[in-house]
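Residue numbers (our numbering), protein chains in the order written: chain W, 26 to 301; chain B, 26 to 301.
Among these hints, one or two may not hold up.
Note that identical chains are pooled: a pair holds if it fits in a single copy or bridges any two copies.
To be verified - Mimicking DSSO-like on lysine-lysine, the simulated pairs with C-alpha atoms at most 30 Å apart in a straight line are:
1) Lys-275 <-> Lys-27
2) Lys-297 <-> Lys-232
3) Lys-232 <-> Lys-216
4) Lys-232 <-> Lys-208
5) Lys-87 <-> Lys-208
No lab work stands behind these hints: they were computed from the structure.
Number of protein chains: 2
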Amino acid sequence: MKTVSENRCFGGVQGVYTHASQATGGDMTFGLYLPEAAEDGAVPVVWYLSGLTCTHENAMAKAGAQRWAAEAQVALIFPDTSPRGEGVANDPAFDLGQGAGFYVNATEAPWAPHFRMWDYVTEELPTLLFNAFPLAEEAQAIMGHSMGGHGALTIAMSFPGRFKSVSAFAPICHPTASDWGRKQFAAYLGKDEAAWAPHDSTLLMRKRGFDGPILIDQGTQDQFLDLLMPEALSEAMASRRQGGIFRMQKGYDHSYFFVSTFMEDHMAFHAKAIYG
Amino acid sequence: MKTVSENRCFGGVQGVYTHASQATGGDMTFGLYLPEAAEDGAVPVVWYLSGLTCTHENAMAKAGAQRWAAEAQVALIFPDTSPRGEGVANDPAFDLGQGAGFYVNATEAPWAPHFRMWDYVTEELPTLLFNAFPLAEEAQAIMGHSMGGHGALTIAMSFPGRFKSVSAFAPICHPTASDWGRKQFAAYLGKDEAAWAPHDSTLLMRKRGFDGPILIDQGTQDQFLDLLMPEALSEAMASRRQGGIFRMQKGYDHSYFFVSTFMEDHMAFHAKAIYG
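Whenever a hint applies, use it, and build me the whole structure from the sequences.
Encoded structure:
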């Protein structure tokens, strides 16, 4: 693992690191914010999964999350959204290929050799991080934005007991029924839709739900509402009697101006779930 | 004036606008954050001047200032740092030409026709803004980062009575004695150093000071300390018995991770000066 940069930030350190990844067959970059308390021992961890076109850098620079992570004395992890670099397949569209891994393990050509973001985010990166940094594996939460909200929700529901809480900003809620999902799942996972179902939050909510609190914020002026399909997940949460909060935020759009506005709430929500 | 974008943010609106500028002889872009209170009447204004290589966008996206502007119910103005576009002179160096206006009116070729950021920021843009938006001209404060800290301090000291308070993050403190200053002033203002003096915060502090509170934060791990020369301004403030606070922040560097860390303090400082 190589240190790209480390900047003092809200009493802690915002680091960026690269490492060779088995899962994706190339170098991966991630951001890690360690609060001051990490100098004295392991701290809880909040994962932040980013959306389409993003790298590890966007949320790290624009979401304003470190302020609240420092207050709660929790770490923040900002993984990249796909493999990158020479020999890694890509597509001219912004919503397929590099920057658009969709947090799945691709089985189809040309994506299968590198696009294994599910394994990367749920297995390889956690193992690396918990070995290398003072992070408390038993105190994790996860959140994400847009495609990253989809990732956070599907991962949280697929690993019962791993995360104390899950939250999302404008998540892709029902990808098997949306052009943000059908297109990518067909490319990465093939035509058999049975392989898609484990990566659809609405279907997972109907089937099993999440054994902890959920917080979701969605702007009413989001330019991608038709693709995100919040109504599907909201209905599924209510039908299941899933404990959680689904907030439609009047006037907000899909941008980081929306994410940063409600970051304080999300971090307080996760801190409460972690510390009880 | 044309609206580029408007995003709901912390209950208010983060806007970006362009307009034809007489001062710089071309189109200029700026960011304006209006808090919710602006719906009901004029609100106080905090100017944020950016540093080398920045546009109106950097601080708007990365400084986290809107959170605290919303709390204090003040507006934020994010001007660009230079003229841009076709026919505007430039230089291959990052610290001269476009993105590096240094908040002066150039008198020398090839810069004189467009590089008039002093007039733009102190006359044209204020007139435009106070006519077009619900902003309280009698309740202004100003701050900036690096080259923008230089701009904020020199402007605040040059217009007594206009600003209630001034603050800076890692400002260029003594440009007439630094390679961040001597090079640019020679290019923009010519070889007669008498023309440089009105644009040096340390010299202005020795000569007249500021009739209000000053807050300056400087990281001890700043990679540009030798160019910024905080010791010169700090000494000048103390020698003059200027009311103010000069903080050396241990471990922090020159980045927006530093700026965002102390933004809450700066906004609270300006709010106190504005509201009393």
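Evaluated hints:
{"no.": "1", "hint": "Lys-275 <-> Lys-27", "in the structure": "between (43 Å within a copy, 25 Å between copies)"}
{"no.": "2", "hint": "Lys-297 <-> Lys-232", "in the structure": "within (27 Å within a copy, 54 Å between copies)"}
{"no.": "3", "hint": "Lys-232 <-> Lys-216", "in the structure": "within (22 Å within a copy, 76 Å between copies)"}
{"no.": "4", "hint": "Lys-232 <-> Lys-208", "in the structure": "within (23 Å within a copy, 67 Å between copies)"}
{"no.": "5", "hint": "Lys-87 <-> Lys-208", "in the structure": "within (29 Å within a copy, 33 Å between copies)"}
In summary, this structure violates none of the numbered hints.
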